[in-house]
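Protein chains in written order, with the working numbering: chain D, 2 to 111; chain E, 8 to 117.
Just so you know, the hints here were simulated from the structure itself, not pulled from any lab data. Here the structure is a predicted model, which means the values were calculated and not measured. Beta carbons are placed, not taken as given, at the ideal position from N, Cα and C, and that holds for glycine. Please note that the accuracy of each hint is not assured.
To be verified - Partner residues are not named here, just some residues of chain D that face chain E (Cβ under 8 Å, in silico):
no., residue
1, 35
2, 42
3, 44
4, 50
5, 51
6, 67
7, 98
8, 100
9, 102
10, 108
11, 111
Unchecked claim - In silico SDA-like links for lysine to any residue, alpha-carbon gap of 25 Å or less:
no., chain 1, residue 1, chain 2, residue 2
12, E, 25, E, 80
13, D, 55, E, 103
14, E, 24, E, 38
15, E, 72, D, 100
16, D, 4, E, 51
17, E, 78, D, 46
18, E, 76, E, 9
19, E, 78, E, 91
20, E, 64, D, 102
21, D, 4, E, 46
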Amino acid sequence: LAKTTQPISMDSYEGQEVNITCSHNNIATNDYITWYQQFPSQGPRFIIQGYKTKVTNEVASLFIPADRKSSTLSLPRVSLSDTAVYYCLVVLYNNNDMRFGAGTRLTVKP
Amino acid sequence: EAQVTQNPRYLITVTGKKLTVTCSQNMNHEYMSWYRQDPGLGLRQIYYSMNVEVTDKGDVPEGYKVSRKEKRNFPLILESPSPNQTSLYFCASKAGEGYTFGSGTRLTVV
Numbered sequence: 002l003a004k005t006t007q008p009i010s011m012d013s014y015e016g017q018e019v020n021i022t023c024s025h026n027n028i029a030t031n032d033y034i035t036w037y038q039q040f041p042s043q044g045p046r047f048i049i050q051g052y053k054t055k056v057t058n059e060v061a062s063l064f065i066p067a068d069r070k071s072s073t074l075s076l077p078r079v080s081l082s083d084t085a086v087y088y089c090l091v092v093l094y095n096n097n098d099m100r101f102g103a104g105t106r107l108t109v110k111p
Numbered sequence: 008e009a010q011v012t013q014n015p016r017y018l019i020t021v022t023g024k025k026l027t028v029t030c031s032q033n034m035n036h037e038y039m040s041w042y043r044q045d046p047g048l049g050l051r052q053i054y055y056s057m058n059v060e061v062t063d064k065g066d067v068p069e070g071y072k073v074s075r076k077e078k079r080n081f082p083l084i085l086e087s088p089s090p091n092q093t094s095l096y097f098c099a100s101k102a103g104e105g106y107t108f109g110s111g112t113r114l115t116v117v
């Protein structure tokens, strides 16, 4: 499984767009990029998954450049309730094994 | 409602006293997994199961056992708990894009 690197922490303010970038230089051809959100003392929650270009759902957008060596999770107009740890993972499609890194602790301020 | 249910939510026990943390999912998922989460160490996989009667070690299996006699249940067994197993434990199941996590079990071994 490819190793991922993401910032340890980020601060933002309510109403701003937040972009969290993850690097995964050793991503393999059949790997997908997946993001999870975790609130304190709760289990992580799946946010979004993508292979290339752009994926958007009701919660976030995921941008993946052509070389796929990095990806950016974009959270539009964050609120205080978006304060959480965000994990970037590289997973082999249809392989259920996943390893979580340290994640990015996002703090949204009023 | 699709969910992963762990019990108990909180448990304080003494060193050496065998315990079992139960995990049950109602989504007919084949894949289930156990993680522990510790400050500064993130989420680490203990054991996983690809299907009934198929289990394998994750990154930190020492001191733990699991069983998968039926698809919906994946209990975590600590035969002789020690204080270094004090942690927050999560069970998860997966089919398709993302994991569904349980609400967690906070275990304290004194």
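Evaluated hints:
Given hint, residue 35 of chain D at the interface with chain E, holds; its Cβ is 7 Å from that chain's nearest Cβ, closer than 8 Å. The beta carbon of residue 42 of chain D comes within 6 Å of a beta carbon in chain E, closer than 8 Å, and the hint placing it at the interface holds. With a cut of 8 Å, the hint placing residue 44 of chain D at the interface with chain E holds, because the nearest CB-to-CB distance is about 3 Å. This hint holds: residue 50 of chain D has a C-beta 5 Å from the nearest C-beta of chain E, less than the 8 Å allowed.
A distance limit of 8 Å between C-beta atoms decides the matter here; for residue 51 of chain D the minimum to chain E is near 10 Å, and the interface restraint is violated. Interface hint status for residue 67 of chain D: violated, as the beta-carbon distance to the closest one in chain E is roughly 22 Å, over 8 Å. For residue 98 of chain D, the suggested interface contact is upheld, since its CB lies about 7 Å from the closest CB of chain E, less than 8 Å. Hint status for residue 100 of chain D: holds, given a least beta-carbon distance of 7 Å to chain E, under 8 Å.
Interface restraint check: residue 102 of chain D against chain E, minimum CB-CB distance 6 Å, threshold 8 Å, status holds. Interface restraint check: residue 108 of chain D against chain E, minimum CB-CB distance 17 Å, threshold 8 Å, status violated. Among the interface hints, the one on residue 111 of chain D is violated; its C-beta lies about 26 Å from the nearest C-beta in chain E, farther than the 8 Å criterion. Distance hint between residue 25 of chain E and residue 80 of chain E is fulfilled; the C-alpha atoms sit about 19 Å from each other, no more than 25 Å.
As the CA atoms of residue 55 of chain D and residue 103 of chain E are separated by approximately 19 Å, the hinted pair is consistent with the 25 Å bound. Restraint check: the Cα-Cα separation between residue 24 of chain E and residue 38 of chain E comes to about 29 Å, which exceeds 25 Å; the hinted pair is violated. Taken as a hint, the residue 72 of chain E and residue 100 of chain D pair is honoured in the structure, with Cα atoms around 19 Å apart against an allowance of 25 Å. This hinted pair checks out: residue 4 of chain D and residue 51 of chain E have alpha carbons roughly 14 Å apart, not beyond 25 Å.
Annotation: proposed proximity of residue 78 of chain E to residue 46 of chain D holds, straight-line Cα distance about 22 Å (limit 25 Å). Under the criterion of a C-alpha separation no larger than 25 Å, the hint pairing residue 76 of chain E with residue 9 of chain E is consistent with the structure, at around 21 Å. For the hint linking residue 78 of chain E to residue 91 of chain E, the alpha-carbon distance of about 30 Å lies beyond 25 Å, and the restraint is violated. Of the pairs offered as hints, the one joining residue 64 of chain E and residue 102 of chain D holds, with about 18 Å between alpha carbons and a cut-off of 25 Å not exceeded.
Only pairs whose Cα atoms come within 25 Å are accepted, and residue 4 of chain D paired with residue 46 of chain E is accepted, the gap being roughly 20 Å.
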